Each structure stands twice: as C-alpha cells, then as structure tokens.
Amino acid sequence: MKRVIIITGSRKGIGLDLVKYYLDKGMSVIGCSRSESDFIHNDYLHFTLDVSKELEVIKMVKEVAKSFGTIHYLLNNAGIASMNHAFLTPLPVAQKIVNTNILGTFLLCREVGKVMSRNKFGRIINFATFAVPFKLAGEAVYAASKAGVISLTETLSREFAQYGITVNAVAPPAVKTDLIKNVPEDKMISLLNRQAIHRYGTYADIANVIDFFLLEKSSMVTGQTIYLGGV
Amino acid sequence: MKEKIEKIVKEVVTQFAIENNIAKLKNPDLNTVLFGFDSVIDSIGLVTIIVEVESNLYDELGIQVSLADEKAMSQLNTPFKTVGSLTEYIAKIISNQP
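Residue numbers (this note's numbering), protein chains in the order written: chain E, 1 to 231; chain F, 1001 to 1098.
Treat each hint with caution, since some may be false.
[What the hints assert, rightly or not] Distance condition first, Cα-Cα at most 25 angstroms in a straight line; then the derived DSS-like pairs of lysine-lysine:
hint, chain 1, residue 1, chain 2, residue 2
1, F, Lys1007, F, Lys1026
2, F, Lys1092, E, Lys59
3, E, Lys53, F, Lys1071
4, E, Lys53, E, Lys2
5, E, Lys120, F, Lys1026
6, F, Lys1002, E, Lys66
7, E, Lys66, F, Lys1010
8, F, Lys1007, E, Lys59
9, E, Lys66, F, Lys1007
10, E, Lys120, E, Lys217
11, E, Lys53, F, Lys1092
12, F, Lys1002, E, Lys59
13, F, Lys1071, F, Lys1010
14, E, Lys120, E, Lys59
15, F, Lys1004, E, Lys66
16, F, Lys1071, E, Lys59
17, E, Lys59, F, Lys1004
18, E, Lys96, E, Lys53
19, F, Lys1010, E, Lys120
20, F, Lys1002, F, Lys1081
21, E, Lys135, E, Lys120
[Claimed, not checked] One-sided excerpt, in silico: chain E residues whose CB lies under 7 angstroms from chain F:
hint, residue
22, Ile58
23, Lys59
24, Lys114
25, Ser117
26, Lys120
I should point out that these hints are in silico values taken from the structure, not numbers from a laboratory. Fair warning: this is a prediction, and the values are worked out from it, not measured in the lab. Each residue gets a CB set at the ideal place from its N, CA and C atoms; glycine is no exception.
So that you can see chain E by itself, here it is in the shape it has in the complex:
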C-alpha cells in the first residue's frame, strides 16, 4: 500500500518541490492551496481551499480518508508572511497571518490527527522559521504566529503521543522563495551571516529533516523543532 501524505501550500515554492520529491518516493500525495494548481500527476490530488476555513479543511480530510483509507503523513507547509513595520501593519493583514499560520496548522493537525488516531500511526511536521529566534524586525506578526506554531507542536506532541502520532517542526533557514523576494540582497546577506552556515537553504535541506521525522524508527522523536543552518 502506498503511503499517503498531505502537503499544504503545495501550489508553488517549497510545497511544490516537496510534492515532487514525495511523488518520486512513490507516495500518494494530496496537496492544497488557495489558488488552483496546474501541476498534474497520476498520484497527485489537489484541493483548492483556505486552510483557515474549518468546513473546507474537514471536507478535504474526510474525502482523502475515504478515498485512500488513511493518512500517514501531514506537512503543514502553508504559510503567509508580510514584512512590514508593526506601526504600518493593518489589523486585517495580521489576522490573516495568524489565521493561516496558526489556526490553519491547528485545523489540519486536528482533523488529520483524528484520521491518524484510528490507525495508531501518524507523522505531522509543522513549519517554523528562523525569524523566531532571530527576532527579525519587520516580521513581528509572522514571527509571533510561527512561535505559536512551535508551541502548538510541543503541546500537540503530548496530546497525540498515545495515538502513535508524532508532531515535530522544521524551521527552514532563509530560502529563495516568494516570501523574501522583496527583501534587499544586503539585508539577506546580513541575515545569512547570523546563521552558523552562511548560505541559503534549499528544499533538499528541508526534505532531509522531514525524512528523518517521517521514519518509523523516529517514533521517539516528538515535540521537537529543528532549525536548519545553525540558528
């Protein structure tokens, strides 16, 4: 039986790279994003939804569970950022960041966790960021939301442990994606110099950590956040 993995925020960037990576590993991959995807593959199923909308998430998870029997892995990659000084950040923008990054992650963990609990096995990987320990100016709400994701990861690891579900987080370093496309190059170099390893991360660096969390023999690894690049 093929392993079944849900990857949120899969239309582009790291999410799409991870979709291709796990398809190459022979998994059935289910992705979702707010916009439609033009990526097509026999073993890929895409849902167009907003991860912060409860009914949409429930519908997707129930359909996947019914079609595939179970869900083995969940990668909560969907996330949004808005780089701006706090004085200039509108409340609706802050709410959207919190809704997607924290509540979206929570909803997926809750609904997919229920499916995994019936099978007494599951691996959930959430996405944190180096912006939390670096306390990056201009990313107050984004960093706060991801600090929430780390806390969620730690607490859910305890609530889900008895069901054979581990919950961990990977914190990518600076990666060349849309999230940082508007940040000046000199700022990025300054950021990279704060890491132990002064280079951009790649999707392969992230996949390597995720692979470790997904291993069956990683059953004792839970509630952890791994920061790439040496933060």
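Assemble chain F onto chain E, guided by the hints.
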C-alpha cells in the same frame, strides 16, 4: 435522522466497550453515561468515541461534522454526557449546518 444518529452513537459505544472490555457499556441506551463523575470512560476514551462517531457519520450518512465544543470537558455542561445528549447535540449541529 435522529434515529440514525442514535444508532451510530450506540454502535460506536458498543464497539468501544467490546474493545476495552467494559461490560457496563455493552448495551447502551439513551441514559448511558459517557462522561462525568459517573462515567467509566476517561477523557481519552471519550475522545476516541467522538472521533469514531464523526467518522461513521461521514461513512454511513455522508455527513461532515466536527463535534468540537468548548464545553466538551466540562463535568457539568458537556454535551457528551450521555448517549442521549450526544445524539441531541449532533442532531442540533446538523440542523444548523448551511
């Protein structure tokens, strides 16, 4: 509809009783206590039952519902107190769905 919901709740409770060898729950009726001071089910057991009920509602009736409730773990006000109150609660949620 309420009869169908009640049947699903009772089936899940019976299955839970068999798997956990709880004689008192093997023939549940509307007054069977699921949660509270008088219950033989702990909070984790209740969560397991709720997850199964949600899943069976979808599999058997095609109903998508989340039984999350802020009073779920309240000893006094939980809608999950008995088979009957859980059945009523589910019927109410379904009737309020768009």
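Quick rundown of the hints versus the structure:
1. F/Lys1007 x F/Lys1026: Satisfied, since the Cα-Cα distance of roughly 14 angstroms is no more than 25 angstroms.
2. F/Lys1092 x E/Lys59: 19 angstroms, holds
3. E/Lys53 x F/Lys1071: 22 angstroms, holds
4. E/Lys53 x E/Lys2: 29 angstroms, violated
5. E/Lys120 x F/Lys1026: It holds: about 23 angstroms lies between the C-alpha atoms, which stays within 25 angstroms.
6. F/Lys1002 x E/Lys66: 24 angstroms, holds
7. E/Lys66 x F/Lys1010: 22 angstroms, holds
8. F/Lys1007 x E/Lys59: 23 angstroms, holds
9. E/Lys66 x F/Lys1007: Within the cut-off at roughly 21 angstroms; holds.
10. E/Lys120 x E/Lys217: It holds: about 15 angstroms lies between the C-alpha atoms, which stays within 25 angstroms.
11. E/Lys53 x F/Lys1092: 21 angstroms, holds
12. F/Lys1002 x E/Lys59: 22 angstroms, holds
13. F/Lys1071 x F/Lys1010: 22 angstroms, holds
14. E/Lys120 x E/Lys59: 22 angstroms, holds
15. F/Lys1004 x E/Lys66: 20 angstroms, holds
16. F/Lys1071 x E/Lys59: 24 angstroms, holds
17. E/Lys59 x F/Lys1004: 21 angstroms, holds
18. E/Lys96 x E/Lys53: 11 angstroms, holds
19. F/Lys1010 x E/Lys120: 23 angstroms, holds
20. F/Lys1002 x F/Lys1081: 17 angstroms, holds
21. E/Lys135 x E/Lys120: The hint is violated at about 37 angstroms.
22. Ile58: 5 angstroms, holds
23. Lys59: 6 angstroms, holds
24. Lys114: 5 angstroms, holds
25. Ser117: E/Ser117 check passes; min Cβ-Cβ to chain F is 6 angstroms, inside 7 angstroms.
26. Lys120: Hint violated; E/Lys120 Cβ to chain F Cβ min 11 angstroms, cut 7 angstroms.
Checked against the numbered hints listed earlier, the structure breaks hints 4, 21, 26; every other hint is satisfied.
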